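Protein chains: 2
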Amino acid sequence: MNFDAIFYPKSVAIVGASREIGSVGNTLVKNMVSGKFTGEVYCVNPHATEIEGIPCFPNLTAIGKPIACVIIAVKAPIVASIIKEAHACGIPAAIIISAGFKEEGGEGIQRENELIQLVKEYDMTVIGPNCLGILNPPYAMNASFAPDMPSVGGAAFVSQSGALCTAVIDYAKHLNLGFSKFVSIGNKACVNEVDLFTYFAQDDATRVVMAYIEDVEHTDRFLEAAYKLTHGANAKPVLLLKSGKTDAGKRASVSHTGALGGNNIYYDALFRQSGVLRVDTIPELFTAASAFLYNKLPEGNRTAVVTNAGGPGILVTDAAVDSGLSVPTLTTTTCSLLTKTVSTITHCNNPIDLLGDATTDRYEKALTAVCADDAIDAMLVLLTPQGGTPITEIAKSIVEVKKTTDKPIIVSFMGQYRVLPGVDILKKGNVAVCDYPEDAAKALGLLAKFAKIAKENHREIHGPIIPTTQPFQTGFVPEYQALKLLGEYGLPVVKSGFVTSPSDAKTLIRMIGVPCAMKIVSPDITHKSDVGGVLLDVTENIVEQSYKNMMQTVQKNAPHAKLEGVLLAEMVKEKGIELIIGAARDPVFGVVIMVGFGGVTVEVFNDIAFGISPISQKDTLDMLNELHMKKLFDHFRGGPEYDRLSIVHMIQKVEQLMLEHQEISELDINPCILMPDGKNAKIVDVRIAVK
Amino acid sequence: MNFDAIFYPKSVAIVGASREIGSVGNTLVKNMVSGKFTGEVYCVNPHATEIEGIPCFPNLTAIGKPIACVIIAVKAPIVASIIKEAHACGIPAAIIISAGFKEEGGEGIQRENELIQLVKEYDMTVIGPNCLGILNPPYAMNASFAPDMPSVGGAAFVSQSGALCTAVIDYAKHLNLGFSKFVSIGNKACVNEVDLFTYFAQDDATRVVMAYIEDVEHTDRFLEAAYKLTHGANAKPVLLLKSGKTDAGKRASVSHTGALGGNNIYYDALFRQSGVLRVDTIPELFTAASAFLYNKLPEGNRTAVVTNAGGPGILVTDAAVDSGLSVPTLTTTTCSLLTKTVSTITHCNNPIDLLGDATTDRYEKALTAVCADDAIDAMLVLLTPQGGTPITEIAKSIVEVKKTTDKPIIVSFMGQYRVLPGVDILKKGNVAVCDYPEDAAKALGLLAKFAKIAKENHREIHGPIIPTTQPFQTGFVPEYQALKLLGEYGLPVVKSGFVTSPSDAKTLIRMIGVPCAMKIVSPDITHKSDVGGVLLDVTENIVEQSYKNMMQTVQKNAPHAKLEGVLLAEMVKEKGIELIIGAARDPVFGVVIMVGFGGVTVEVFNDIAFGISPISQKDTLDMLNELHMKKLFDHFRGGPEYDRLSIVHMIQKVEQLMLEHQEISELDINPCILMPDGKNAKIVDVRIAVK
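Going line by line, the protein sequences match chains B and Z. The numbering used here runs 169 ahead of the 1-based position in the first sequence. The numbering used here runs 169 ahead of the 1-based position in the second sequence.
You may find that some hints are simply not true.
Stated by the list, open to error - DSSO-like cross-link-like pairs, simulated, lysine-lysine; straight-line CA separation at most 30 Å:
(1) Z/675 <-> Z/597
(2) Z/742 <-> B/742
(3) Z/697 <-> B/742
(4) Z/244 <-> B/509
(5) B/744 <-> Z/653
(6) Z/725 <-> Z/697
(7) B/565 <-> B/465
(8) Z/653 <-> Z/664
(9) Z/799 <-> B/800
(10) B/572 <-> B/342
(11) B/799 <-> Z/799
(12) B/744 <-> Z/742
(13) Z/342 <-> B/342
(14) B/731 <-> B/717
(15) B/244 <-> Z/534
(16) Z/596 <-> Z/565
(17) Z/800 <-> B/800
(18) B/565 <-> Z/653
(19) B/342 <-> Z/596
(20) B/742 <-> Z/744
(21) Z/697 <-> B/744
(22) B/597 <-> Z/244
(23) B/744 <-> Z/799
(24) B/205 <-> B/179
(25) B/342 <-> Z/597
(26) B/244 <-> Z/509
(27) B/624 <-> B/787
(28) B/799 <-> Z/744
(29) Z/742 <-> B/697
(30) B/744 <-> Z/744
By construction, these hints were calculated from the structure, which means they are not laboratory data. This one's a predicted model, so the numbers in the text were calculated from it and none came from an experiment.
Chain B on its own, in the form it takes in the complex (with noise of 0.2 Å):
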């Protein structure tokens, strides 16, 4: 894609210009050239021959000039007209404000398939439609009709709602937060985040990315684009905020942008495996893009709280260790240094609390102190208004210590009026701060997080995929095929077989060695247990009794069923941990994983864990982390252990098997019996569903 020419243009026409003040052609017009935009810039509106200064064209082909990019603001229907002369006069770009699109149903999804289909014909790059468009405020270009320009800075700012876009510019203004790129997507028919991704991990002037989506259409694409993002060396985060959490809230987000929704916990699956950080709210995503432009990340979680204040003291540390960080006492040689340098410490404690009359000095040992000691990450700074405190003074004295040291600082000066002055400084000093201390607490540890998710490098890929030439029938996979499939892809089920005389049953079972239970074999019968079809316990000495009995029952009670045989599976009688294994085949996330604790609990508790293939050793041991289980697996009050990596080697043989075998819409492994001190698990039920 050319994104040069989106955000870079050496000249731009504007489709549906306007002299109708307050109007979107109007506005786009006076945004473009009422700021210090170095490009050429034309008008096309055929009623007129200027607007706001600005020459105007009947059409684009009339301009006879090399345009790089195209702003199309007129009638939805008339809008494939304009990007047809626009390929015809050679423009590579276009940014489609015009609405009228996916977002009304009806006709105005057929326009967007055939906009996408000229787009991808042309090999365009083309931002929207329905969309406020772009912003590059360090080439002062307002290509949008967002009513103000941001400021320059480190972060740039996806959308998929335009909206939020003029909301987030004016937060940005009180936040001190500039941007490098200000991108509202709107349908994302032919760029989406994904593309801008990409596009990011390249751009040097961007360093954080913030982006609020309501919906991935490419998962797969989404997965490798944002982990290329926030893994390596160059690693940038990603602080995303994806609406339609709740039932209600996907309903919203149908009729707002057409946006599909899908699952959420697949969606929280997606953004863990692919190091995305989602917040829950706006203010977090501006509090935390704040804290990565103004800090380096953290060594560790280890984290000094510096307060005049007690009570805010404790309230930051709460927070702090909710966000994942740890609030450790100090060590002695850091102790004996502040009993020294700071006189009103007498008791060291972390939090370090300096007292209500707490001067620059006690504020800038303090810092000083903390900053030097290797047990320490990072720093939380308070400050309270109280009588006598020099705020400005103070604020001035962080900025100082910041520039010495490597480690994050994030600071809440509380209040919103007298600590004003010392919050400016502070800003001006690139130092994040907060407007209030439990914001800080949950941007450092998002800090704290991303520094882990970054030095990772764990996306090693399956083996490679051998599509089956075989599929399975529609329907549910005979049980002893499907046990004997997991068996071939050395997936540890129990000794089982396929009998159909009492001879054979009574050399299988002496091949498998111990009781079996006994199950018939009838494309036609469903629910064994009903007619007979199910015998437990079946040892060497009564098999071949059991069989001619089980048949003779069987055909009793369902005289019309075919009878193929009888199951024979080893019955497991060692005590072990249950697991639920299963995997499902998701119209927008594909292959899915899933992974819990077996048993009744599972319907109680729903500790249950959710991954998205491709999924990599490190994917699948985060996914077992998020199980209240996990605590079983190490030696739980004095118990066994249990191996992880058995477990992580048996969700990948199901991925793959998942992959070869496109046929199968579901896959249940329930139970699987882990076994402890590294015995083998053994999957005593497995159910294969195919469409």
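Given the coordinates of chain B, work out where chain Z should sit on it, guided by the hints.
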């Protein structure tokens, strides 16, 4: 207590008044006289005759006029002598600013205890020590060293942290929050939050109570006072920020005000039972307070979202649902009204999206329509500042609509710059307005929650407590006695008995009528099964022989043990749900009751809930509602029903038992097997510890 002398004194003396600019003693004088306080103010300082224009006396006695309240800011060791002098002068109340008491440990603790004794003896009303002071904005009195006077309004604020007070006043300026009373309780040696809750209950100026606390010392009094405050016709919400949730936070709390913290889950139970709304963060505290101040309580939780931006509409819908609200589809009546009056609405949805170019007229029509809808209880209104958005006009229109309705309206004008003129209009018009949409949803959620709480009236108390005259001895109560005790309290224990001969055993097992477990009874044996002292499935036929065998075996294995006989107890074969019920005596909270899911899952999932005595039927039902296992009670997956009330009754009987047997420190019923369809539960095992 004489709170009139604290909050509305006609004359005040400041002991420790100082001429030194910036000192506490000087700031106190300035704060008292620089506003519009109309009472008399006297300074006490032997080294001055006048401070800040106020006459100065060498001591209290020398003033020679009646004083209602003395503010004390002298060194800790002489505070007691000032209190003595104040008493001698007939002064009924004091505010002790001075630090150097409990929070310092050592001598300070003793000093505080002496102070408490003195104040009790004199029957004085004393705030502090170690506090910022108090402010009564409606009475124009700033009896604190806080640098600013907050504006007048309906919120009372109580804080265990003085420094937080200064920040709160600073935030409040920005947030349009006015105060009726503002109290820094410091070490709360004499007056604590409970006393103030009782005062605020009858203080007409107070409509909402905000509190920051680090510990509760008298949980029984807290429960009673907070319950009274938050229930009934004159119910007032209590918004409470309690720090020390995490271990690191608790550690910080001990070193701050010497508060002992206590168990966070017990605090949650205490707040739930007393109707207090616990908030997690400072911004939540503020947004909720202003939401309560400017709105009546809603009838229910059905919320309409009105917005000019789709994306934020979805975000706020998610947040609303997360906060316990519902965002239902609109009635056909309202839909047809909307499509008729708002030209741009073709599809009727909730959120009601008025589109980016929304006019004042659209907002007004949409709001009017949902106000008139009986199926909507409250409104969340969003605005993003788009190009032509008439921000101030829309704000005015919301203010007008608000005047016509009793339904809560909470607004977020998104941004912190362009929207400010609109926000000002809303604030002046007494409309609750939040910086971010998610905050608005959270605040409305608390309104709906409190509307339910205020209407409840369930503080019925347990039966009369008749303390036992024959307490058990220290150690573990023998199992047969423990079961017998539970039986005496009407708890459904399994049939069981203690016998001392084979023939008695036979008689007993005949009465029990089903197979029994037989367990040796000996004060000297802890691990019964290790010495052959447990036998299952004992029937009438074999019971005599089994008795003899067990006696012999145990005698052989534990030759020095005194064998008293055996316990025979019914074995439960029916299937049911395993419940655990526990009780403990906590040094802070008194009798604490626990209920949860039994079996292996207890330890993995911790599916347990707590209650504090006195515990009502409603409290117990609330506890059950906190359990995941509650799903199992009501025909889970086509299963039977389990009677919640039977659990309620068991818990109440356990509470009664704990109250009457003060010697019991812990009681664990595990398992209690719940039987379906109204059958009696069966308590199989109980362990009682006596201290």
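Evaluated hints:
Annotation: proposed proximity of residue 675 of chain Z to residue 597 of chain Z is violated, straight-line Cα distance about 84 Å (limit 30 Å). Between the alpha carbons of residue 742 of chain Z and residue 742 of chain B the distance comes to roughly 21 Å, so the proposed pair stays at or under 30 Å and holds. For the given pair, residue 697 of chain Z sits about 27 Å from residue 742 of chain B by alpha-carbon distance, which is consistent with the 30 Å threshold. A distance of roughly 25 Å separates the Cα atoms of residue 244 of chain Z and residue 509 of chain B; the hinted pair therefore holds under the 30 Å criterion.
Between the alpha carbons of residue 744 of chain B and residue 653 of chain Z the distance comes to roughly 35 Å, so the proposed pair goes past 30 Å and is violated. Among the hinted pairs, residue 725 of chain Z with residue 697 of chain Z is consistent with the structure: their alpha-carbon atoms are about 13 Å apart, no more than 30 Å. The hinted pair formed by residue 565 of chain B and residue 465 of chain B meets the criterion: a straight-line CA distance of about 20 Å does not exceed 30 Å. Annotation: proposed proximity of residue 653 of chain Z to residue 664 of chain Z holds, straight-line Cα distance about 9 Å (limit 30 Å).
Note on residue 799 of chain Z and residue 800 of chain B: the hinted pairing holds, with a Cα-Cα distance of about 23 Å set against a maximum of 30 Å. For the proposed pair residue 572 of chain B and residue 342 of chain B, the alpha carbon gap of about 24 Å is at most 30 Å, so the pair holds. Taking the CA atoms of residue 799 of chain B and residue 799 of chain Z, the gap is near 23 Å; set against the 30 Å cutoff, the hint holds. Under the criterion of a C-alpha separation no larger than 30 Å, the hint pairing residue 744 of chain B with residue 742 of chain Z is consistent with the structure, at around 21 Å.
For the hint linking residue 342 of chain Z to residue 342 of chain B, the alpha-carbon distance of about 21 Å falls within 30 Å, and the restraint holds. With a C-alpha separation of about 15 Å, the suggested pairing of residue 731 of chain B with residue 717 of chain B holds against the 30 Å cut-off. Using a Cα cut-off of 30 Å, the hinted pair residue 244 of chain B and residue 534 of chain Z holds, with the two alpha carbons roughly 27 Å apart. Of the supplied pair hints, the one linking residue 596 of chain Z and residue 565 of chain Z holds, its CA atoms being roughly 11 Å apart against a limit of 30 Å.
Distance hint between residue 800 of chain Z and residue 800 of chain B is fulfilled; the C-alpha atoms sit about 23 Å from each other, no more than 30 Å. Between residue 565 of chain B and residue 653 of chain Z the alpha-carbon distance is near 72 Å, which puts this suggested pair outside the 30 Å criterion. Restraint check for residue 342 of chain B and residue 596 of chain Z: the C-alpha separation of about 22 Å stays at or below 30 Å, so the hint holds. In summary, the hint linking residue 742 of chain B to residue 744 of chain Z is supported, as the alpha carbons are separated by about 21 Å, within the 30 Å threshold.
A threshold of 30 Å between alpha carbons decides the hint, and for residue 697 of chain Z with residue 744 of chain B the separation of about 24 Å falls inside it, so the pair holds. Proposed proximity of residue 597 of chain B and residue 244 of chain Z is contradicted: the alpha carbons are some 42 Å apart, above 30 Å. The suggested pairing of residue 744 of chain B with residue 799 of chain Z holds, with an alpha-carbon distance near 28 Å, which does not exceed 30 Å. Restraint check for residue 205 of chain B and residue 179 of chain B: satisfied, since their Cα atoms lie roughly 13 Å apart, inside the 30 Å limit.
Proximity of residue 342 of chain B to residue 597 of chain Z is assessed by CA-CA distance (about 24 Å); at most 30 Å being required, the pair is judged to hold. A threshold of 30 Å between alpha carbons decides the hint, and for residue 244 of chain B with residue 509 of chain Z the separation of about 25 Å falls inside it, so the pair holds. Annotation: proposed proximity of residue 624 of chain B to residue 787 of chain B holds, straight-line Cα distance about 13 Å (limit 30 Å). For the suggested pair residue 799 of chain B and residue 744 of chain Z, the alpha carbons sit about 28 Å apart, so the restraint of at most 30 Å is met.
At roughly 27 Å between alpha-carbon atoms, residue 742 of chain Z and residue 697 of chain B fall within 30 Å of each other, so this suggested pair holds. Between residue 744 of chain B and residue 744 of chain Z the CA atoms are separated by roughly 21 Å; this keeps the pair inside 30 Å, and the hint holds.
The structure fails hints 1, 5, 18 and 22 (numbered hints given earlier, in ascending order).
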